[in-house]
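The listed protein sequences correspond, in order, to chains Y and F.
Residue numbers for the first sequence follow numbering that gives the first Met the number 0, so the first one is 0 and each next one is one higher.
Residue numbers for the second sequence follow numbering that gives the first Met the number 0, so the first one is 0 and each next one is one higher.
Hints are computed from structural coordinates only; laboratory data are not their basis.
Nothing here was measured: the structure is a model prediction, and the numbers come from that model.
The beta carbon of each residue, even a glycine, is placed where N, CA and C say it ideally should be.
One or more hints might be untrue.
[Stated by the list, open to error] Cβ pair distances, simulated, as ranges:
(1) Y:T120 / F:G234: 49 to 55 Å
(2) F:T212 / Y:T130: 30 to 36 Å
(3) F:Q237 / Y:Q145: 52 to 58 Å
(4) Y:D128 / F:T127: 38 to 44 Å
(5) F:M98 / Y:R201: 18 to 24 Å
[To be verified] Derived lysine-lysine pairs resembling DSSO-like cross-links, with alpha carbons at most 30 Å apart:
(6) Y:K124 / F:K116
(7) Y:K101 / Y:K124
(8) F:K84 / Y:K204
(9) Y:K101 / Y:K204
(10) F:K84 / F:K116
[Said to hold, decoys possible] Some residues of chain Y that are not near chain F, with every Cβ distance over 12 Å (derived):
(11) P182
(12) G215
(13) A222
(14) Q232
(15) V235
(16) T238
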Amino acid sequence: MDIIKFLDGFTNETLLEGKPSRRDMFGTLGSLGKKAMLSAIPFGLATMPNKTFAQDSGSDPVSALQLALTLEYLEDEFYDLALQSGVLPSGRPETVYMQISKHEQAHVDFLIAGLEGAGVTPVEKPTFDFTAGGAFDPFNENGVGQETAYAQLLALAQAFEDTGVRAYKGQAGNLLGSDFLTPALQIHAVEAMHASEVRRLRGLKGWITNNERGAGMPEATQAVYNGEENVVQGGVDVTTLGSGPSFSMEASTEAYDEALSGDDAVAIASLFIVSE
Amino acid sequence: MRKSIVKVKPVEKATNRRQFLKLGGMGVVGAGLLVACSNDDNGMGMMPDPDPNPNPDIFDLGQGDLGVLNYAYALEQLEADFYTKVVNSFYANISDEEMQVLTDLYYHEVNHRDFFKTAITAAVEGNTELVLPTLEFDYGDLDFNNREQVLTTASVLEDTGVAAYNGAGRLISNPGYLLLAGKIVSVEARHASAIRTLLNPGSADFAGDDYVTTDTGLAAALDPSVVLSAVGDTGFIQTPFTANNLP
């Protein structure tokens with residue numbers, strides 16, 4: 000597995016190349032507050048003010064945006080290849096994928112422009128392998144057949160969108176005080192709209208129940224859903240809220256999406272990234 | 000039939016009265032405000048009011064994180080109340096799918112509402128004068144037995160909720176509250192997508208060009224004053240409150 004290697008490259012680029020330009024970015028972005036000051040400290044020395052919200056490696060706005068860009072590259076290429084594959088039935092599936100593809104392309108362009116505008120070199124697009132080393136054949140390139148390929152196209156789309164929602168959420172704290180917070184939230188919401196539609200296209204609910212990946216989802220995608228079973232929000236067990244009967248686990252977990260750490264998001268993405 | 004029950008209108012399109020209230024820094028939601036603020040027409044003009052709560056009889060959402068939490072609580076109260084009415088009297092001939100979606104939304108929104116009440120009460124350490132009171136609602140001639148009116152209203156409420164959270168994120172300073180808002184807004188966005196598809200199956204409306212910018216792929220984000228002005232225009236919220244300390 001090339002996760003470590005990928006993370007290293009990721010982190011080094013941010014730390015080394017980003018160093019002189021990061022100051023520019025902070026200047027460009029205006030008031031960054033505590034996060035920015037912390038991120039100027041070398042990793043080992045930085046201590047987060049509140050351990051509960053401490054993020055993993057790369058807890059600064061630049062790392063957050065670079066991670067977002069990496070995930071958007073992945074989604075953008077996936078939908079491009081899906082639309083070219085001839086696997087998608089016309090009608091609703093094609094309409095849905097075209098709309099999503101348009102947004103993912105826009106997100107890539109937006110994030111590149113934002114990073115460059117802030118004087119930061121955007122991460123390069125990785126080489127993707129959507130077969131995940133031969134486990135899938137979503138574009139029917141290896142003869143798995145249209146039907147299976149289509150099922151995998153939908154399953155991967157669901158996994159990517161639900162990952163995107165969780166990953167952006169996990170980076171929001173790193174963008175606190177940055178001018179990129181609002182656009183990141185706006186992208187986050189779009190990913191959630193995509194996720195809901197793809198899930199419903201697959202016959203699932205648009206929202207995540209417990210930590211269920213849902214019918215027909217490959218076991219390899221379970222990492223996308225682990226942790227979604229949480230019912231303690233802000234220290235409150237939300238099954239016990241109100242004065243009426245307690246809320247079901249289903250409703251209580253569906254009502255809140257959980258965040259994914261940067262490391263976990265990278266681990267999921269790297270299943271589809273070819274190490275150079 | 001009224002097609003769009005709640006509209007997020009640009010400020011310019013609001014009535015003169017609303018516009019005046021807004022420019023005077025006096026955005027007030029709720030029908031009672033017409034009485035409570037009736038003397039504003041003569042006195043305050045366009046001057047920003049230095050008093051953070053010029054109408055002490057009317058609840059003000061507050062500022063900073065507290066203001067945002069109360070703001071979210073107001074919107075969640077509206078959504079929860081609306082879906083409570085929907086599920087207590089489903090429109091005729093509702094499909095199984097629509098019943099499932101609307102029932103789920105009911106549970107989610109009631110949970111969000113109850114969560115904010117608990118969270119805010121904890122945040123103000125029991126000083127309940129700072130917690131937005133339970134609001135009263137009136138849906139006027141909205142016909143809960145009419146599928147299109149119910150789903151269209153649900154759609155506007157969900158779209159507005161997403162835009163409200165997106166616009167309020169930057170007003171939050173506590174990362175814990177920001178994370179909680181993030182956990183909720185994506186669920187609202189999932190709702191918005193589902194309702195949009197119920198209204199127009201098979202289309203690109205689930206994240207339509209009317210809501211997501213085509214060049215940058217960004218969903219709407221609106222300031223509290225814009226959201227509350229639009230919500231106020233619906234007349235749904237009967238209990239007056241102000242948001243004098245939010246943008």
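Here is what the structure says about each hint:
Taking the beta carbon of each, T120 of chain Y and G234 of chain F are about 52 Å apart, inside 49 to 55 Å as hinted. Taken as a hint, the range 30 to 36 Å holds for the pair T212 of chain F and T130 of chain Y, whose Cβ atoms sit roughly 33 Å apart. About 56 Å separates the C-beta atoms of Q237 of chain F and Q145 of chain Y, a value consistent with the hinted range of 52 to 58 Å. As the Cβ distance of D128 of chain Y to T127 of chain F is approximately 57 Å, the hint placing it in 38 to 44 Å is violated.
Checked against the given bound of 18 to 24 Å, the beta carbons of M98 of chain F and R201 of chain Y, roughly 20 Å apart, stay inside it. Between K124 of chain Y and K116 of chain F the CA atoms are separated by roughly 45 Å; this puts the pair beyond 30 Å, and the hint is violated. A hinted pair counts as satisfied when its Cα atoms are at most 30 Å apart, and K101 of chain Y with K124 of chain Y qualifies at roughly 18 Å. A distance of roughly 22 Å separates the Cα atoms of K84 of chain F and K204 of chain Y; the hinted pair therefore holds under the 30 Å criterion.
Taking the CA atoms of K101 of chain Y and K204 of chain Y, the gap is near 24 Å; set against the 30 Å cutoff, the hint holds. For a cut-off of 30 Å, the pair hint linking K84 of chain F to K116 of chain F stands: about 20 Å separates their Cα positions. Remark: the non-interface label on P182 of chain Y conflicts with the geometry, its nearest Cβ contact in chain F lying 6 Å away (cut-off 12 Å). The beta carbon of G215 of chain Y sits about 18 Å from the closest Cβ of chain F, which is more than 12 Å, so the claim that it is off the interface holds.
Here A222 of chain Y stays apart from chain F, with its beta-carbon at least about 18 Å from theirs, past the 12 Å limit. For Q232 of chain Y, the non-interface assignment is contradicted: its Cβ lies about 6 Å from the closest Cβ of chain F, within the 12 Å cut-off. For V235 of chain Y, the requirement that its beta carbon stay farther than 12 Å from each beta carbon of chain F is not met, with the minimum near 5 Å. Against chain F, the non-interface label of T238 of chain Y is violated: not every CB pair exceeds 12 Å, the least being about 9 Å.
Of the numbered hints listed earlier, those contradicted by the structure are 4, 6, 11, 14, 15 and 16.
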